[in-house]
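Undergrad: Single-letter residue listing:
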Amino acid sequence: MAEKVLMKGNEALAEAAICAGCRHFFGYPITPQTELAAYMAKKMPKIGGTYLQAESELAAINMVLGASAAGVRAMTSSSSPGISLKTEGISYLAGCDLPALIINVQRGGPGLGGIQPSQSDYWQATKATGHGDFQILVFAPSTIQEMVDLVFLAFDLGDKYRMPAMILLDGMLGQMMEPVVLPEAGKTVVPDRPWAADGHKNKRPHNIINSLYLDPLKLEQTNIERFKRYEKIKGTEQRCEELHTEDADIIIVAYGASSRVCRNAVAAARAQGIKAGMIRPITLWPFPVDTIQKRLVSAKAFLTVEMSMGQMVDDVRLAVNGAKPVHFFGRTGGIIPSPPEVLEQIELINGGI
Amino acid sequence: MAIVYKRPHALTDEVFHYCPGCTHGIIHRLIAETIDELEIEGCTVGIAPVGCAVRAYDFFSCDMVQAAHGRAPAVATGLKRARPENIIFTYQGDGDLAAIGMAETVHAATRGENITVIFVNNAIYGMTGGQMAPTSLPGQVTQTTPYGRDTNSAGYPIRVCELLSTLDGVALAQRVTVDSVRNVRIAKKAIKKAFENQIKGLGFSIVEVVSSCPTNWGMAPNDALKWLQDNMLPYYPLGVYKDISEGGENK
Ligand SMILES: Cc1ncc(C[n+]2csc(CCOP(=O)(O)OP(=O)(O)O)c2C)c(N)n1
Ligand code: SF4
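Those protein sequence lines, which keep their order, are chains A and B.
What the first sequence shows, in the numbering used here, is residues 1 to 353, in sequence order.
What the second sequence shows, in the numbering used here, is residues 1 to 251, in sequence order.
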């Protein structure tokens with residue numbers, strides 16, 4: 001059994017990626033993901049890997065695309081403004097059916113926004129990480145141990161479904177320290193990539209990594225095939241944690257940092273005799289629709305809590321589809337909601353049901 | 001009977017989609033001959049740009065990757081860092097390399113990224129129908145400079161080889177053209193050197209090919225070559241701007 005170590009979130013992500021066989025990191029400095037890149041810069045040269053500080057996020061994501069096309073596990077990390085620049089490359093990765101890991105340690109926006117923790121890139125991550133018809137896998141850890149575990153899962157599922165995966169966290173989780181157990185290195189098997197552009201060695205026809213289809217029927221067909229894969233993923237890869245949901249009248253839906261606050265608020269509500277519970281999405285795409293719908297009968301109301309003006313609440317509403325009221329509470333701009341604030345919302349809703 | 005001339009193996013059987021008289025085809029052939037002669041097809045990965053040469057992935061027999069507009073040097077960097085034993089080349093137009101992708105070009109060059117860049121300078125955006133390029137000449141009429149490129153508002157053309165030759169990471173920066181048999185031979189030698197440099201691990205090698213775009217220049221192929229000789233070559237002098245290889249002009 002591997003030992004427990006105390007690690008900062010950003011560093012744990014980096015170490016987990018290395019354990020998962022990633023040897024190619026391309027990035028551009030930005031707060032609050034700094035420690036992740038710094039860790040890579042220190043570690044990669046010692047293990048024969050690549051740490052490359054690119055000239056921009058545009059370049060970094062396209063380097064990731066090149067490395068992934070060559071058949072290796074590659075990743076980049078950034079924060080909100082930098083992710084906006086990466087969306088070009090993420091769209092190409094998706095269009096080329098290439099796996100890659102992108103980490104977004106969110107900060108407040110729009111524009112330069114701020115450098116404090118935020119969850120205001122939910123729409124971007126789950127609906128539009130670039131132009132065109134596509135989805136990427138989006139994971140939302142809420143503890144440092146979960147960050148480590150999700151790095152492995154993101155790489156594995158990215159490989160399995162040949163698509164980019166994002167780990168969406170925020171400055172609070174990135175900067176925080178918690179004890180973690182790192183899986184032993186070499187545990188993961190990086191699968192063969194017969195499709196890679198790694199030189200045909202005069203043994204096979206040339207491989208082409210491409211997202212251009214000048215014939216609209218072919219492009220439509222390619223997108224239809226890709227969406228069949230997405231449907232399969234929706235059926236098998238939804239993940240979430242349920243907390244006291246069986247008998248809950250009020251179910252909070254929250255992910256990442258805000259779910260940690262809500263956990264305390266649920267406990268405080270229960271102590272007062274209010275039957276509160278929580279569904280914590282671990283995958284934001286695919287969104288855990290099935291679990292929310294499973295609770296539609298018993299729950300009386302839903303409360304979405306986010307560090308944004310209300311983004312994930314759209315998906316909660318779609319899942320609930322009018323069957324029960326869906327409330328929203330959010331703080332934004334870098335403010336983290338407090339447990340008493342959330343409790344107050346629970347009390348308000350409880351008074352009305 | 002001995003075969004003295006045939007289609008290079010490194011070109012597929014796909015018919016070029018280029019306009020009649022376009023020099024893209026000649027340049028493709030020179031790259032393919034080089035790949036054949038150096039026997040590197042099995043370990044070469046080419047990168048197609050966004051531009052008229054976007055379908056280069058259908059034309060070369062080696063593995064190919066199609067890059068976003070201007071990002072070919074970044075994609076090449078990823079491919080090369082992942083598999084340093086492979087030979088990586090990009091094929092880029094002037095809009096791709098010197099406008100939207102200038103940052104990627106300069107930084108791959110200054111990192112001394114061990115890749116080969118074939119740069120087709122035709123002083124225009126071919127694929128999108130003839131807009132001004134960063135290399136369009138002063139006074140040149142294009143779709144977006146209908147009264148001629150006015151340097152007061154549209155600025156001056158970029159001389160890429162001169163610019164890049166100031167960077168320490170560059171092994172070769174040479175400007176050639178393919179307007180005559182003699183110049184085609186020189187171009188071939190330069191392209192071959194740019195690939196050999198990579199095999200030797202010398203760093204970033206770029207060959208700029210001054211090219212024609214009869215379609216968007218609105219000229220017959222021969223007139224286009226004449227215009228190239230009379231107008232482009234004085235602004236873009238042919239020659240070696242940097243060469244650190246054995247016997248090169250500056251070591
Ligand atoms: C991000 C982005 N911007 C713009 C375009 C449209 N576009 C396609 S080709 C091209 C210009 C290509 O010109 P050049 O690189 O000179 O190559 P040529 O076609 O002349 O060979 C442009 C602007 C695009 N595909 N992507
Ligand atoms: S538009 Fe110009 S550059 Fe493009 S294929 Fe035709 S002649 Fe060549």
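No lab work stands behind these hints, which were simulated from the structure alone.
The reader is advised that the hints may include incorrect statements.
Over the 10 Å line for every Cβ pair with chain B, so calculated as not near, a few chain A residues [stated by the list, open to error]:
(1) ALA2
(2) GLU3
(3) THR34
(4) SER68
(5) GLY71
(6) VAL72
(7) VAL190
Below, simulated BS3-like cross-link-like pairs (lysine-lysine); rule was C-alpha separation at most 27 Å, straight line [claimed, not checked]:
(8) LYS201(A) <-> LYS189(B)
(9) LYS203(A) <-> LYS200(B)
(10) LYS226(B) <-> LYS201(A)
(11) LYS188(B) <-> LYS200(B)
(12) LYS201(A) <-> LYS228(A)
From the three backbone atoms N, C-alpha and C, an ideal C-beta is built for every residue, glycine too.
Undergrad: Any hints from earlier that this structure breaks? Give me their numbers in increasing order, please.
TA: 4, 5, 6, 10 and 12
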